[in-house]
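**Q** So you can see what is in the structure, the chains are spelled out below.
2 protein chains.
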Amino acid sequence: MIPEATVARLPIYLRTLMEAAAAHETTISSERLAELGGVNAAKVRKDLSYLGSLGTRGVGYDVEFLLFEISRELGLTRDWPVIIVGLGNLGHALANYKGFGARGFQVVGLVDVDPTRVGEEIAGITVRHLDDLPVMASELRPAIGVIATPAPVAQDVADRLVAAGVTSILNFAPGVLSVPKGVAVRKVDLSIELQILSFHQQRQAAQHA
Amino acid sequence: MIPEATVARLPIYLRTLMEAAAAHETTISSERLAELGGVNAAKVRKDLSYLGSLGTRGVGYDVEFLLFEISRELGLTRDWPVIIVGLGNLGHALANYKGFGARGFQVVGLVDVDPTRVGEEIAGITVRHLDDLPVMASELRPAIGVIATPAPVAQDVADRLVAAGVTSILNFAPGVLSVPKGVAVRKVDLSIELQILSFHQQRQAAQHA
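So the sequences go chain by chain: C and F.
Following our numbering, the numbering of the first sequence begins with 3 at its first residue and continues without gaps.
Following our numbering, the numbering of the second sequence begins with 3 at its first residue and continues without gaps.
Read the hints as simulated data drawn from the structure, not as lab findings.
Mixed in with the good hints there might be a few duds.
Claimed, not checked - Example chain F residues on the side facing chain C (calculated, C-beta under 8 Å, incomplete):
| id | residue |
| --- | --- |
| 1 | S51 |
| 2 | Y52 |
| 3 | L56 |
| 4 | A95 |
| 5 | Y99 |
| 6 | R162 |
| 7 | V164 |
| 8 | A165 |
| 9 | T169 |
| 10 | L179 |
| 11 | S180 |
| 12 | V181 |
| 13 | P182 |
| 14 | L196 |
Heads up, the beta-carbon is just placed ideally off N, CA and C, and yes, glycines get one too.
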C-alpha cells in the first residue's frame, strides 16, 4: 500500500519527468526530482521504492521508464469518464476546460437542477437534470464526479453521486463532505486560498503602517 | 508571528463560526471548532492563543467575538483589489465568480495578451493588455494577482505582477513560481488533484479485477 503522502507527490515527480523528457534528457537524479516537491532526495528514493523503481547509483532514474511507471501507477494510461454537477460559472468553465481531456479525464456528462440550464449544450454535451443521474450513471459509467454546486446542496449531490456508483469526487463547494469508506474526495477551496493571501496582505500592511 | 499552519486553519475555524452564528449560537467549544479542521481541541486552543483569544473553560469561545478576531487577523474586514491575468475559460469564470466580491476580494482589473480578448468586457470590466500592467497597477493598486494563464508564461506574468507591486499571487497555472521574499504565492492545481483521484480509481479497479 503506497502512503497517501507519496501518492500526492507522484504527480509532482511526473511533472518534472515530463519536463526532462521534453528536454530530451534520458536520466534524472533523485535530487532533481526532489526540487519541485519540497522534499529531499532520500524521500524521493523512498517514494519511488514503493513503485519498485530503484534507480542506479551515480546515474539516477531512466526518464522514460519512470514516466511510464508513475503514469501507470496513477492510472493515467487509461481514460476516466467525468460527470460535472453544477453548471454555474465555475462548472461552465470546467466543462469547457481543455485540460481535462488532454489528461485522460473525459467529461461525459453535465448535470444541473436549474430548468434554464437543463437542455443547454456546453462543449458538445447536453446538460441533464440531477434526477437523471442514476440513468446517466448506468449509460456513461462515470468514475469521477465533479461538484461545482453551491455549498448547501453539495452533500446531497455527493450522496447521489455515490449512490450512482461514483467513487472519486472532486469538490469545489466550500465545506466538508461525508462519504462512505472507499470513496475518495479531493477538495479545491478558493475562498480558503484567498483568505490566506488576505492574511499575508494584512500582515504586510501592518508592517508598512 | 503566527505559524503558517495556524494561518491555514483560521479560515476553517471561520467557516465553523459562520455556521454557528447563522444558527444563532452564542458560544462554541474548541472541540466543535476542531471538527472541520482535522485537528484536536488542544491544537485549536493553541492556534487561537496566537490571536490572544483564550476562551472560557467549560463555556468555550464567544462566537461573534471570535468571528471578528479571526476576520480581522485574516484581513477580511477590508477589501483587497484583485487583478486577473489570463482570460481563457478559467480566467473568464474567475472574472464572473460572484464569490470573490462577496468575500471582500474585488476584481478591479483584467489582463490578457490575446488581441481578440483585449477590449472585451467581462463582468463590467474591460480586458486590457499585459503591457498596461504598470499603468493599471498605479491606478488600481491591486493587492492580489490571479494567474490563470498557460504554464509557460506564468513565471513572466508573476515577474510583471511583482514588478507592478503585487505581493500576493494566486496561481492556477501548473508549475512552481519563483518570487522574491515577501511575496506570497498560493497555488490551485487541478491536474494534481485529478491525478490523485485517478490513482484512487486505478487502485479500486485493480481490487475489483
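**Q** Confirm or reject each hint.
**A** Quick rundown of the hints versus the structure:
Annotation: interface hint on S51 (chain F) violated; nearest CB of chain C at approximately 17 Å, more than 8 Å. Using the Cβ-Cβ criterion of 8 Å, the hint placing Y52 (chain F) at the interface with chain C is not satisfied: the shortest such distance is roughly 12 Å. Taken as an interface hint, L56 (chain F) does not check out: its beta carbon lies about 21 Å from the nearest beta carbon of chain C, beyond 8 Å. The beta carbon of A95 (chain F) is positioned within 8 Å of a beta carbon in chain C (closest approach about 3 Å), and the interface hint is therefore held.
A hinted interface residue such as Y99 (chain F) counts as satisfied when its beta carbon comes closer than 8 Å to some beta carbon of chain C; here the least separation is about 5 Å, so the hint holds. Annotation: R162 (chain F) was flagged as interfacial toward chain C, and the flag is violated, the nearest CB pair being 18 Å apart, outside 8 Å. Using the Cβ-Cβ criterion of 8 Å, the hint placing V164 (chain F) at the interface with chain C is not satisfied: the shortest such distance is roughly 13 Å. With its C-beta approaching chain C no nearer than about 17 Å, A165 (chain F) sits outside the 8 Å limit, and its interface hint is violated.
Taken as an interface hint, T169 (chain F) checks out: its beta carbon lies about 6 Å from the nearest beta carbon of chain C, inside 8 Å. With a least beta-carbon distance of about 11 Å to chain C, the hint placing L179 (chain F) at the interface is violated under the 8 Å criterion. Among the interface hints, the one on S180 (chain F) is violated; its C-beta lies about 11 Å from the nearest C-beta in chain C, farther than the 8 Å criterion. With its C-beta approaching chain C no nearer than about 12 Å, V181 (chain F) sits outside the 8 Å limit, and its interface hint is violated.
The beta carbon of P182 (chain F) comes no nearer than 13 Å to any beta carbon in chain C, farther than 8 Å, and the hint placing it at the interface is violated. Contact between L196 (chain F) and chain C, as hinted, is supported at the beta carbon level, the nearest pair being about 5 Å apart and thus within 8 Å.
Consistency with the previously given hints fails for numbers 1, 2, 3, 6, 7, 8, 10, 11, 12 and 13, ordered from lowest to highest.
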